[in-house]
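Colleague: What follows is each chain in one-letter form.
There are 2 protein chains.
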Amino acid sequence: MKKLINDPDDVVDEMIDGMVAAHPDRFRRLPDTQVLVRDDAPVDDKVALVTGGGSGHEPTHAGYVGDGMLDGAAAGDVFSSPTADEFEALIDACDAGDGVLAVVKNYEGDVMNFDTAIELAEMEGVEVDSVVIDDDVAVEDSLYTSGRRGVCGTILVHKAAGAKAAEGADLAEVKRVAEKVVDNVGTMGMALTSCVTPEKGEPTFDLGDDEIELGIGIHGEPGTERTESMSADAVTDELTEAVLDDLDLDDGQEVLTIVNGMGGTPQMELFVVNRRLQELLGEHGLETWDAWVGDYMTSLDMMGASITVCAVDDELKDLLGAPADTPALTVR
Amino acid sequence: MKKLINDPDDVVDEMIDGMVAAHPDRFRRLPDTQVLVRDDAPVDDKVALVTGGGSGHEPTHAGYVGDGMLDGAAAGDVFSSPTADEFEALIDACDAGDGVLAVVKNYEGDVMNFDTAIELAEMEGVEVDSVVIDDDVAVEDSLYTSGRRGVCGTILVHKAAGAKAAEGADLAEVKRVAEKVVDNVGTMGMALTSCVTPEKGEPTFDLGDDEIELGIGIHGEPGTERTESMSADAVTDELTEAVLDDLDLDDGQEVLTIVNGMGGTPQMELFVVNRRLQELLGEHGLETWDAWVGDYMTSLDMMGASITVCAVDDELKDLLGAPADTPALTVR
Numbered sequence: 295m296k297k298l299i300n301d302p303d304d305v306v307d308e309m310i311d312g313m314v315a316a317h318p319d320r321f322r323r324l325p326d327t328q329v330l331v332r333d334d335a336p337v338d339d340k341v342a343l344v345t346g347g348g349s350g351h352e353p354t355h356a357g358y359v360g361d362g363m364l365d366g367a368a369a370g371d372v373f374s375s376p377t378a379d380e381f382e383a384l385i386d387a388c389d390a391g392d393g394v395l396a397v398v399k400n401y402e403g404d405v406m407n408f409d410t411a412i413e414l415a416e417m418e419g420v421e422v423d424s425v426v427i428d429d430d431v432a433v434e435d436s437l438y439t440s441g442r443r444g445v446c447g448t449i450l451v452h453k454a455a456g457a458k459a460a461e462g463a464d465l466a467e468v469k470r471v472a473e474k475v476v477d478n479v480g481t482m483g484m485a486l487t488s489c490v491t492p493e494k495g496e497p498t499f500d501l502g503d504d505e506i507e508l509g510i511g512i513h514g515e516p517g518t519e520r521t522e523s524m525s526a527d528a529v530t531d532e533l534t535e536a537v538l539d540d541l542d543l544d545d546g547q548e549v550l551t552i553v554n555g556m557g558g559t560p561q562m563e564l565f566v567v568n569r570r571l572q573e574l575l576g577e578h579g580l581e582t583w584d585a586w587v588g589d590y591m592t593s594l595d596m597m598g599a600s601i602t603v604c605a606v607d608d609e610l611k612d613l614l615g616a617p618a619d620t621p622a623l624t625v626r
Numbered sequence: 295m296k297k298l299i300n301d302p303d304d305v306v307d308e309m310i311d312g313m314v315a316a317h318p319d320r321f322r323r324l325p326d327t328q329v330l331v332r333d334d335a336p337v338d339d340k341v342a343l344v345t346g347g348g349s350g351h352e353p354t355h356a357g358y359v360g361d362g363m364l365d366g367a368a369a370g371d372v373f374s375s376p377t378a379d380e381f382e383a384l385i386d387a388c389d390a391g392d393g394v395l396a397v398v399k400n401y402e403g404d405v406m407n408f409d410t411a412i413e414l415a416e417m418e419g420v421e422v423d424s425v426v427i428d429d430d431v432a433v434e435d436s437l438y439t440s441g442r443r444g445v446c447g448t449i450l451v452h453k454a455a456g457a458k459a460a461e462g463a464d465l466a467e468v469k470r471v472a473e474k475v476v477d478n479v480g481t482m483g484m485a486l487t488s489c490v491t492p493e494k495g496e497p498t499f500d501l502g503d504d505e506i507e508l509g510i511g512i513h514g515e516p517g518t519e520r521t522e523s524m525s526a527d528a529v530t531d532e533l534t535e536a537v538l539d540d541l542d543l544d545d546g547q548e549v550l551t552i553v554n555g556m557g558g559t560p561q562m563e564l565f566v567v568n569r570r571l572q573e574l575l576g577e578h579g580l581e582t583w584d585a586w587v588g589d590y591m592t593s594l595d596m597m598g599a600s601i602t603v604c605a606v607d608d609e610l611k612d613l614l615g616a617p618a619d620t621p622a623l624t625v626r
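Sequence lines, in order, name chains A and B.
Under this note's numbering, the first residue of the first sequence carries the number 295, and numbering increases by one thereafter.
Under this note's numbering, the first residue of the second sequence carries the number 295, and numbering increases by one thereafter.
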């Protein structure tokens, strides 16, 4: 195994300390937890937006904690859900009395533990609601989900719902915006290589030297098709057509796109993919309002990429373009 | 070879088109070149700041083009210097009559071609000066340099000199600030794996399963020591002590640090390194003013990291903390 870590058992704990050491003015770690919250949490007169999930997807989740996005995030062990107790501690620390919206990616552990945490928080008198993200168009059910998986489209939920919360909207309104993003976004990913978890120290799955996998999940879950290596343009076409088939957009629709790296992919390659993506959207009569390229939701050191397309109207453009100040995403 | 590319001969051309497609409001590609400039270049009443070098280090160079940093950047082929003609086109496109400062990383090709370009531009009546960056403390001379290599500290030159230029300072003042950063910054890197260039399609150098290389350059040039795998803390200590030995800072000195990923390193690991880095600086009696963690200057898909330490005074803090708006670095 080639990793810049110490004891694999300590990697999440040390990562979180390293995040706080990088951003002592932004983050506060709740004692005896793997939960990071805004240093000024709970923020008064605002619905709190929280999320969480397994580690190994950095900058997801804590990278999006800050002004205009999340109030806090719970980190599980690598590719494991945080416990219900940690989710509850997160909710409690972020609630300022105006309610909390939990953004939950559709994985069984996340959904179950967040549900339990929400019940516990409600018993304490906290108003909590949740929205489940299932933007991955590749597979209907999968290894860790019933229904579709939640992947990179989640970042747009953090951004839009975070901006709505920052405006002072109430919980129902913040939830409505989150669901609006979910209704209008689709993602599909692919891998050139498997990720290697710190614990296992070897590839999670085997992929031949001349093979790639389409429709893969962010934990290396099986996708739709294992196929021979393809050109970047051909990969882009496969992923994008699958997303567009799912979204079924009207001619002239404005979209935001994300070319997301899986952690081990050079930016050079992501821009090569973006070139073909934008060309293809033009061929479909779609108009790109904004195009993001980078590592937003990764799978440790996996080489590969995902493509996200989100249809945007004036309301979503206002919210997605509103100011935000987080370690992983800053909008002026 | 596992890469998301089309023809290796087209990768830089397609990457640049993909960058423009992601940021059509920010970038303009000069016709028949691999040069990107600010869409509003030349910017009036301001010294222009330009740079360039081989591709494969993204987000270096074009990622730092924008308000408060660079006016433009020339991209060579992968790990190859841009031609003198491209550097000259860059200088010409960015000069608004107030002069141009070229930020040159110390590689023989970059230095030679920028020098020729500067001579050509001066013959056209453009006032041009340059500053050479040589922050890599690992080796004195190396494969592509006489003297030390220029690596990740370059980003701080872009930031500080870019902020000074944005203030309306004259060319001599902008150059003074650039040289002040050079005088106060040091970097050292290491690799867990070799990079793979699109052209060659296989590792640039061989590194055993249980080996790492300390002091490596950003093109896979040999470092100071090939050694057995080490813990993240031990690696951090080796790199940091080498940089601190070189800088020889006083007790209580404030510093900005960068933990820079080489392209294939998960963010998780960079934060584990940052944790130990900040601990170690405290043990040395140094005070961290700001800590950056991410991929700032990469080597394609190489796994590894570099550590940069820059001593900062009030002037540098003002400039490094001033607003900037570029694809790879935004300061509000």
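If you're looking for bench data, these hints aren't it; they were derived computationally from the structure.
A hint or two may mislead.
Said to hold, decoys possible - Looking from chain B toward chain A, a few residues come up when the C-beta cut is under 7 Å (computed):
#, residue
1, Lys-296
2, Ile-299
3, Pro-302
4, Asp-311
5, Met-313
6, Ala-335
7, Glu-352
8, Gly-557
9, Val-566
10, Arg-569
11, Gln-572
12, Glu-577
13, Glu-581
14, Val-587
15, Thr-624
Claimed, not checked - Partial chain B-side listing against chain A, Cβ under 10 Å, derived:
#, residue
16, Gly-419
17, Asp-504
18, Phe-565
Glycine included, C-beta positions come from ideal geometry on N, C-alpha and C.
Colleague: Decide, hint by hint, whether the structure agrees.
Modeller: We went through each hint and held it up to the structure:
The criterion of a C-beta within 7 Å of any C-beta in chain A is met by Lys-296 (chain B), whose closest approach is roughly 4 Å, and the hint holds. Evaluation of the Ile-299 (chain B) hint against chain A yields a held restraint, the C-beta minimum of about 5 Å falling below 7 Å. Here the hint on Pro-302 (chain B) is broken, as its CB sits about 11 Å from the closest CB of chain A, past 7 Å. Taking 7 Å as the C-beta cut-off, the interface hint given for Asp-311 (chain B) holds, the closest approach to chain A being about 5 Å.
Annotation: interface hint on Met-313 (chain B) holds; nearest CB of chain A at approximately 5 Å, less than 7 Å. A hinted interface residue such as Ala-335 (chain B) counts as satisfied when its beta carbon comes closer than 7 Å to some beta carbon of chain A; here the least separation is about 20 Å, so the hint is violated. Residue-level restraint check for Glu-352 (chain B) holds (minimum Cβ-Cβ distance to chain A is 4 Å; threshold 7 Å). Hint status for Gly-557 (chain B) relative to chain A: holds, with the closest Cβ pair at about 5 Å, below 7 Å.
With a least beta-carbon distance of about 5 Å to chain A, the hint placing Val-566 (chain B) at the interface is held under the 7 Å criterion. The criterion of a C-beta within 7 Å of any C-beta in chain A is met by Arg-569 (chain B), whose closest approach is roughly 4 Å, and the hint holds. With a cut of 7 Å, the hint placing Gln-572 (chain B) at the interface with chain A holds, because the nearest CB-to-CB distance is about 4 Å. Nearest Cβ of chain A to the Cβ of Glu-577 (chain B): about 13 Å, over the 7 Å cut. The hint is violated.
At a threshold of 7 Å, the smallest CB-CB gap from Glu-581 (chain B) to chain A is about 12 Å, leaving the interface hint violated. For Val-587 (chain B), the interface hint holds, since its Cβ comes within 7 Å of a Cβ in chain A; the closest pair sits about 5 Å apart. Against a cut-off of 7 Å between C-beta atoms, the interface hint on Thr-624 (chain B) holds, since the closest Cβ of chain A lies about 4 Å away. Evaluation of the Gly-419 (chain B) hint against chain A yields a violated restraint, the C-beta minimum of about 35 Å exceeding 10 Å.
Given hint, Asp-504 (chain B) at the interface with chain A, holds; its Cβ is 9 Å from that chain's nearest Cβ, closer than 10 Å. Contact between Phe-565 (chain B) and chain A, as hinted, is supported at the beta carbon level, the nearest pair being about 3 Å apart and thus within 10 Å.
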